[in-house]
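Listed in order, the protein sequences are those of chains A and B. Taken in order, the first sequence gives residues 200 to 311; the numbers are from the numbering used here. Taken in order, the second sequence gives residues 3 to 113; the numbers are from the numbering used here.
Treat the hints as calculated values from the structure; they're not laboratory data. Being a predicted model, the structure only gives us computed values, none of them experimental. It cannot be assumed that every hint is accurate.
Derived lysine-lysine pairs resembling DSS-like cross-links, with alpha carbons at most 25 Å apart [unchecked claim]:
1) B:Lys44 / A:Lys210
2) B:Lys3 / A:Lys243
3) B:Lys3 / A:Lys261
4) A:Lys261 / B:Lys100
5) A:Lys270 / B:Lys100
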Amino acid sequence: EAGVAQSPRYKIIEKRQSVAFWCNPISGHATLYWYQQILGQGPKLLIQFQNNGVVDDSQLPKDRFSAERLKGVDSTLKIQPAKLEDSAVYLCASSLVVTEAFFGQGTRLTVV
Amino acid sequence: KQEVTQIPAALSVPEGENLVLNCSFTDSAIYNLQWFRQDPGKGLTSLLLIQSSQREQTSGRLNASLDKSSGRSTLYIAASQPGDSATYLCAAQAAGNKLTFGGGTRVLVKP
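With the rest of the complex left out, here is chain B (with noise of 0.2 Å):
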């Protein structure tokens, strides 16, 4: 059965440092890795889908690299900015399109 792992539950920073949220997942037969951010009281929106043949997606500020071996995802945010902080989810995708997400990372980006 897949676990998906969040480390930190929560984060504080500055604005201006980067981000770095990890995500980490038992097991590697995955289909692909999908990064999401949840603002409150909100559903769910896409960031970043990593398919298991690549290393690392990019879109804007945001970086999402993937170590199948290793079962882990790292999401970098460059330059945080105040309307960065929401909590952000990962999720495995595995046979099945069974859909596995962690506990999330809440992230509070300071003026």
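Just chain A, with the same shape it has in the complex (with noise of 0.2 Å):
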């Protein structure tokens, strides 16, 4: 069975600039995650989709954060613009209702 698909691994981009993250959940898996791992702390999450319907979306920062799910399957994350307390890694994980969870490799952002 194929994993959590994200691209790309890493990205460097100026403060200012805009970003954007690819997710592939595991086929079938209705609910999609998108957490941000700053260094040395755990993941935070920013957006939880159930199929291609936001379920919760309280701390991503709405000014500069959207996030997408076409047709319940992929995901994209976008940044704009990006500012230097963005860089992190983005992780994409993805479940069926009330299971484990599978988290992709991440992307680490740097943002300079």
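Make one complex out of these two single chains by using the hints.
So, in structure tokens, the structure goes:
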């Protein structure tokens, strides 16, 4: 069974530029999560989708971050414009309902 | 709002010693508790998932216990090896499939 796929693995951008991350969850998984993990900290939930609807985006900085999940499958997370404090690893995960969550390898973003 | 805490933040032990990692959560209304391993620069690998109706789960040298009433879970790693060096994270899953993480425990096993 294929795992959660994320791209790119690494990205370096200058502040005020925009960036987009892509996630392809495990086939059939209705729930998709995007987490931000700052170095030395645990993952913080940015947004959670159930199929193509948003369940929780309470911690998403909506003035600069946006996310969508087209047709309830793939998802993209965008940052525009980026700030230095956005430097982090962005993790995508998927799961069935109330079951084990599976994570991708993450995208390491460096904003300079 | 669920809060998950892991203490200690870092742990160093000699090879062969048993590891005990602690996780506490404030809201006991959880569906399950999941333990993950994270190697530097990598994503999260699921180790064990304990359903709310279970008290423990075992896989090889790993054993995780869950006490919902006291809001605690413990991960035991028997006979630690240098390859066990990593960061270990716990996450509580609650209504709406919401998954809340602790800050992690960074483990170093010295040869």
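List of violated hint numbers, smallest to largest: Of the numbered hints, all hold.
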